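For reference, the chains in residue letters:
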Amino acid sequence: MTTVPAALDERFRAAAAASGDLDVAFDILDDTPIGSLLVGVSDRGLCRVHFDPDPELALDDLAHRFGPRVLRSPRAIDRAKLELDEYLSGRRHGFDLELDLRGTPDFHQRVLAELAEVPYGTTTTYGALAAQVGSPKAARAIGTVMNRNPLPVVLPCHRVVGASGSLTGYGGGLERKEWLLRLEGALL
Amino acid sequence: MAVATIPPFERFYETHKGEVLAFLRRRAGRDRADDLFQETFLRALRAYARLEHGEHLRAWVLTIADRTLIDATRKEKPTAELVTEPSGEDERPAFEELAPLTDPLPPKERAAVVLRYGYELDYDDIGAALGSTGEAARQAASAGVRRIRRQKEAE
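For the record, the sequence lines run as chains S and Y.
Just so you know, we're using my numbering here: the first sequence kicks off at 25 and counts up by one.
Just so you know, we're using my numbering here: the second sequence kicks off at 2 and counts up by one.
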């Protein structure tokens, strides 16, 4: 089978992103301090951050949510990559990226909007977030929303801890949660 | 049988990119193949949203590659000549002789001949790629071959 030269392959991927015909452009960032991250961008903004990406699984999920025209295109995610790099090296405390939460249920979106307001370097609790969205008894449901957060790190579900201050859980694993909280100085 | 779902474009592209480039290199030469390769997959990407199922994608993309090649050649003529490069990998000698002769054929006949004899696709696949039936594809291919024979005899 003929091998497509890397330069030609990259050129097509960049042209595809520039054509505006992609539903989602994604790339995998290897070697970040919290492991590899799959980052997806639609024409409306950042639409996926995923830990330990199994590209095959992530592809099907992205195609299901946003449409089948999903392609790896490193250049298309340059800005998201830059902001994530800055954040993960401690040089950035908030993100300026547009976010695309299509396919995320309304209740989840309301909770995530509150979550976005939790300041850098601080933590809140599941119960406090539940109270903020007007469902004070829904701490468990808040846990589910955090677990299904399509944009971890950027929407800071790592800043949500148990009432006792214990880290409780994290979709990306407790080690990552701890690392992020230490980076922000919220954990000593 | 369940209708095949449309795969994410990434998987479609990875599956077919090698064969599309080989096809274009054989037909257009190495230098022109790169631009045609990009144009073929950009066209496929544009049309991808309108696909109704994931059947016959190989025939579909080879038809687009063929169409892209014809369009580019018409624009460039008379300076550009279609060439057939000998290729060390996956050679198809019988088709190599036939290929240059398909250029003057009407597009449907040409695509049917190329896909049948160059790629050994079955007529149902070819029909689907051409937006018609297997029987129509068979007729187009045989009409194309007859036309080529007549041309050769006339020479």
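These are calculated hints, taken from the structure and not from any lab test.
Values in this document were obtained by computation on a predicted structure and should not be read as measured data.
Using N, Cα and C, we set each Cβ at its ideal position, and we do this for glycine too.
Some hints here could point you the wrong way.
Said to hold, decoys possible - Facing chain S, from chain Y, some residues (calculated, C-beta under 7 Å): (1) E11; (2) G19; (3) A23; (4) Q39; (5) R44; (6) Y118; (7) Y120.
Evaluation of the provided hints:
A hinted interface residue such as E11 (chain Y) counts as satisfied when its beta carbon comes closer than 7 Å to some beta carbon of chain S; here the least separation is about 5 Å, so the hint holds. With its C-beta approaching chain S no nearer than about 4 Å, G19 (chain Y) sits inside the 7 Å limit, and its interface hint holds. Nearest Cβ of chain S to the Cβ of A23 (chain Y): about 4 Å, under the 7 Å cut. The hint holds. Checking Q39 (chain Y) against chain S by beta carbon gives a least distance of about 5 Å; that is within 7 Å, so the hint holds.
The restraint placing R44 (chain Y) at the interface with chain S is violated, with a minimum CB-CB distance near 10 Å, outside the 7 Å limit. Restraint check, Y118 (chain Y) versus chain S: the minimum CB separation of about 19 Å is more than 7 Å; hint violated. A distance limit of 7 Å between C-beta atoms decides the matter here; for Y120 (chain Y) the minimum to chain S is near 14 Å, and the interface restraint is violated.
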